[in-house]
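**Student:** Single-letter residue listing:
There are 4 protein chains.
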Amino acid sequence: MNTFGEKFKFTTFGESHGKALGCIVDGVPAGLKIDEEFIQAQMDKRKPGKSKFETSRKESDKVEILSGVFEGISTGTPIAMIIFNENQKSRDYSNVKDLFRPGHADFTYFHKYGLRDYRGGGRSSARETAARVAAGAIAQLLLDQLGIKVQAGICEIAGIKSEQIDFEYSANSTIFALDKDIESKQKDAISQALKEHDSVGGAVLIKASGVPIGLGEPMYHKLDGQIAAAMMGLNAVKAVEIGDGIEASRSKGSKNNDQISSKGFLSNHSGGILGGISNGDDIITKVYFKPTPSIFIEQQTVNEQNEDTNYYLKGRHDPCVAIRGSVVCQAMMALILADMVLLNMNSKMDNLKAVYN
Amino acid sequence: MNTFGEKFKFTTFGESHGKALGCIVDGVPAGLKIDEEFIQAQMDKRKPGKSKFETSRKESDKVEILSGVFEGISTGTPIAMIIFNENQKSRDYSNVKDLFRPGHADFTYFHKYGLRDYRGGGRSSARETAARVAAGAIAQLLLDQLGIKVQAGICEIAGIKSEQIDFEYSANSTIFALDKDIESKQKDAISQALKEHDSVGGAVLIKASGVPIGLGEPMYHKLDGQIAAAMMGLNAVKAVEIGDGIEASRSKGSKNNDQISSKGFLSNHSGGILGGISNGDDIITKVYFKPTPSIFIEQQTVNEQNEDTNYYLKGRHDPCVAIRGSVVCQAMMALILADMVLLNMNSKMDNLKAVYN
Amino acid sequence: MNTFGEKFKFTTFGESHGKALGCIVDGVPAGLKIDEEFIQAQMDKRKPGKSKFETSRKESDKVEILSGVFEGISTGTPIAMIIFNENQKSRDYSNVKDLFRPGHADFTYFHKYGLRDYRGGGRSSARETAARVAAGAIAQLLLDQLGIKVQAGICEIAGIKSEQIDFEYSANSTIFALDKDIESKQKDAISQALKEHDSVGGAVLIKASGVPIGLGEPMYHKLDGQIAAAMMGLNAVKAVEIGDGIEASRSKGSKNNDQISSKGFLSNHSGGILGGISNGDDIITKVYFKPTPSIFIEQQTVNEQNEDTNYYLKGRHDPCVAIRGSVVCQAMMALILADMVLLNMNSKMDNLKAVYN
Amino acid sequence: MNTFGEKFKFTTFGESHGKALGCIVDGVPAGLKIDEEFIQAQMDKRKPGKSKFETSRKESDKVEILSGVFEGISTGTPIAMIIFNENQKSRDYSNVKDLFRPGHADFTYFHKYGLRDYRGGGRSSARETAARVAAGAIAQLLLDQLGIKVQAGICEIAGIKSEQIDFEYSANSTIFALDKDIESKQKDAISQALKEHDSVGGAVLIKASGVPIGLGEPMYHKLDGQIAAAMMGLNAVKAVEIGDGIEASRSKGSKNNDQISSKGFLSNHSGGILGGISNGDDIITKVYFKPTPSIFIEQQTVNEQNEDTNYYLKGRHDPCVAIRGSVVCQAMMALILADMVLLNMNSKMDNLKAVYN
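As they're listed, the protein sequences go chains A, B, C and D.
Take the first sequence: its letters are residues 1 to 357, numbered as in the numbering used here.
Take the second sequence: its letters are residues 1001 to 1357, numbered as in the numbering used here.
Take the third sequence: its letters are residues 2001 to 2357, numbered as in the numbering used here.
Take the fourth sequence: its letters are residues 3001 to 3357, numbered as in the numbering used here.
Hints listed in this document are in silico derivations from the structure and should not be mistaken for laboratory results.
Note that the coordinates shown come from a computational prediction; the quantities given were computed from them, not determined experimentally.
We put the CB at the ideal spot given by N, CA and C, even for glycine.
Take these hints with a grain of salt, some might be off.
Cut-off 25 Å, straight-line C-alpha distance, at most; resulting in silico cross-link-like pairs (SDA-like, lysine to any residue) [unchecked claim]: (1) D/3180 / C/2251; (2) D/3185 / D/3056; (3) A/97 / B/1212; (4) B/1252 / A/313; (5) B/1019 / C/2149; (6) D/3263 / C/2300; (7) D/3149 / D/3037; (8) C/2033 / A/97; (9) A/50 / A/171; (10) C/2019 / C/2146; (11) C/2353 / B/1001; (12) D/3033 / D/3149; (13) C/2314 / D/3266; (14) A/58 / A/84; (15) A/52 / B/1251; (16) A/62 / D/3084; (17) B/1033 / B/1210; (18) D/3062 / D/3151; (19) B/1252 / A/101; (20) A/33 / A/45; (21) D/3033 / A/304.
Simulated restraints on C-beta separations [to be verified]: (22) D/3060 / A/310: 36 to 44 Å; (23) A/97 / B/1255: 21 to 29 Å; (24) C/2093 / D/3262: 20 to 28 Å; (25) B/1171 / A/58: 50 to 58 Å; (26) D/3191 / A/72: 39 to 47 Å; (27) A/97 / B/1037: 36 to 44 Å; (28) D/3266 / C/2095: 15 to 23 Å; (29) D/3060 / A/72: 55 to 63 Å; (30) C/2312 / B/1050: 52 to 60 Å.
Excised from the complex, chain A in its bound form:
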């Protein structure tokens, strides 16, 4: 269950403090130019330690392609990518070895598997998402060829909402803020939490444009369903909205329906998806991250023997996981769309005839 996707699929491996992490991307059509600089640039956006709003763990996150690319072009065979961990030995885990950090997966992993790699959360660490970003970069290269563009940025921190949506600005913001006028307030909220040894949550807005009509497979592999799965499956995510989301449920049919004209839809309450299938409009999703569970305040917990204890965290952690999470959201959206592009190839006989004639 460490594989995502049906046709454009990737399988990840690796733990927070293991030797390496990485992925195998399977199903990349042959003939795609693999731009390694672009892949590394995506990695660099996600990598830790770039500002005080992120964990101070230092990782260069240099990705190396091991297979599947020949003379710079995909060959149709699996593309393996590896990222060696560099900064994994610097900590002492003796104080978490035997107990479960509140808000983390320590408790559930231990009970599910009967044992766990306690070093930095092991497999449950968000460090695994580095591999997703590498895979997502290849998905973006494929989508580029078809004119599909995916963007993501921060639309809310600690309840402070962006009003403007400016993806160009976001790309260069240290917190990927979509609204430059709100950005400083959002940064202040993070700084304040840091000062209090606490953490804050946030939300990410993802937009895909240039999406052809028809992506999404009914009934159980719908585009909105898969977006929800991918986003809710990210560490710390607790809610996903498509289009108007919760507000839609408080609207009326007469207002919420996107009426149609010969020039296109007259509104986009739906977020670009009807019946689980893209309708050609922008695909709009919001993803909500809880505050980082790692805080530097004493908390109550139990150890592996289920004995009560108090716990005081040491270490380095992101004060707001939504920030670097936004890069992962963008990668996941690209991965879903690339998969849907491939799946949709089989939708009608005309497509078969276009390929086989």
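Could you slot chains B, C and D onto chain A? The hints should help.
**Tutor:** Quick look at chains B, C and D alone, frame taken from chain A:
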């Protein structure tokens, strides 16, 4: 892509106005007593025409088991169930045959497949969910054997929120209302929309209790991710929350973390899921449905030739799809949990030894 | 695990003596003309009771399409087909209810599932293959559109081998014999076995022509691997050969290699598959069926309590399952090729551009 | 499609002359002791260059575990293994760069993907099987815990058949010969082929003992079907037999049926599988490899422009691929059985109760 689940899986077929619809449930362990009355009772909860808050289409939705059960017990082979459509010929679709109803999947199905069954939306109709409820009933029978209980009810209609959560009351409410004090206001909102030929949205609260620790498969088949996929994949759903959902993203780590004592978690902000794995607490999900797109107010649309036209709907429709949708949410949650129960059997060597010795 | 295929996939249900059997075919591209007469004609080739060389069980095997077809054309949604059992009540199973028939799956089903449907073998009966033939007929309709033709016939009965390969003759032979000069000897061998209350085995030759170069997905979904899985998974099959098969292993490289000229391959020892991918030549497979385990001679066995007993079969059975098995082999080959046709659509970027531009 | 297995699954990557090859093994239950020496010992059995009967390419095939193991024990998370290629730069491929080697996958890969990695066959090289052997070793460690043992050896070279079956002897034979009295004749056949610059084929016998009753999932994931898929999917394999194989098809029911006594089956013509499910007896399979297509004799072929040309191979190649292939057959059998062990956990409610109580 008409199959859901990995081990406890079901595949559905059928259109709104075809001969029949149904499903094959594959992966049901042998030796489960199949209580046909219970299955039919679940069908009856979802079937249309029970009150003015629902479409007036009449379907008895009598389910017939065709295979997989011998002398009342599952045999481990696929259980096929069929529901014949009874009321499918009563309408004239001449006025929708050539055009796309706003808010419906007509537009996207036509463009994806190059043709469509225009009778009542064909496959895109929520009528397909009858098959899910049949499959979900079998899942509930399995969960019963392990002490797991799934409940669902309406927690919001047209923005009017329930304050109390009473699943016993909900079970007997015509609108599955969770709060008996708020119910009449919620009903009024629907009645008002009906009077205005409009529709309203709503939200469903789903609770699973008695869930063992350890359900959910990292990384790409997490419990929360699969819940999100299943719920967002339902017709008209636009948002899904787990636990505190969006509110969590506006909380602080110190408040949102569920601290742990030797007697269990001290709170349940997480909605019973940590790292995508059940933690033994109640699993709590909220699912938000948009207002029914079928309204009896003139709307602007285009036909298959992309010519502008106005459209005025005839027919019978639910004024608020969340109501009957709540039965489907319950079924989907049961189906996910049954699947996760089976998947989790392989988590550790001790389980293998328990089975093979 | 009752589903076959990745993209053109089908799921079957039903037991030998249940109410009905059938399948859901998922992944059929929209826009395919569904010729119901052709489907029924395939069913008729497989149905029992057509000659003394087959079981005398009478089933009309009338197939009914329940969904997925609108105005005679596939809509891209699941096509459900149902075949009601007619002749399932005629036998008394009291003498097999408690014991395991040698050579049958009674023993293994009972131990795997803890119980079993003893009526005619339940799910383990070859009657399940009726659903495969229905699905296979749809696959053949798709292949027809691309100029791919699949044929099958009997090339060996009781060790008596065909020398000529004439699929036209085979199509009209009561035992689907490929060699009209050998047919009578093959029939005699069956008649002799019948007289001795015994049974014989046989072999089926399957040929697919017009197959485009490129079908088959490395590494673990190769064309030859999938053919082997599909054929070996048929009841009573004990060996599968591709191309020269075992003889190839006794040849030398210099002789076995198919050299290549600008006009094509100079020989076809490979059976049309290189590296698991079709090379454009005819795909040739041989499938070997064991003699029917149902014989009318006393045999030693045990009952469910593992007590020794002797067993004397009553009932109706095919004296040589390879005969009707050949129709199923043809269906399975068509199903594999239809699936491979769809899977191969994603092999290169040029195909994507052909579809999305 | 580079993934094998449903629950105990592995995904491989890498080409003959790329940087590295390896695999991710997903689904290994937590709590399994991972004996790295055992894994390396299996690798050493398969690695090239151990005798004149194998290619002279030198690879140490040292496997490194990157993830999924903590303190020597599996954690339930994906186990990635990597093998760096060492000897991949030693050849000049200029003479094969533009043309298709007869009997190889060059032709089909080029046409399927539109381009190819011509260095040693790229992904189509049997070098990929190194990753299978690494994965298979972990499968064997799991099977050991349940008392299941898998063995394989050479039963035929160039048509010269073994008469005795001695797996202990085979383990130490340079050609893994099962019959020490026939071994020298088999070696002579290879030596003679080498002298003639030609190659020979062979066959592998695989035996699994200690297999519990009940492994194998009807209908489309039967044990025999999956064995056939795995074996036929190996490079150069052209035939697979289960139990008596082709001989069974020439037998009679009265002779071929394995009658049953309270002490077990009275014979094992079936090869330990009934209805696709293990019956507790030894599982017996024979796998037939064609002669190595790489021969040092001039052959006719075409280039990428489909122009006729003659071709004379240089390089290093196994004169008989069945020999090292036998190690891969053993690995694949172990992988199938490990997968089936996990899948079968869900067969009956009693198993669920054993795990969840």
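**Student:** Starting from the hint list further up, note which numbers the structure goes against and sort them upward.
**Tutor:** 5, 8, 10, 22, 27, 29
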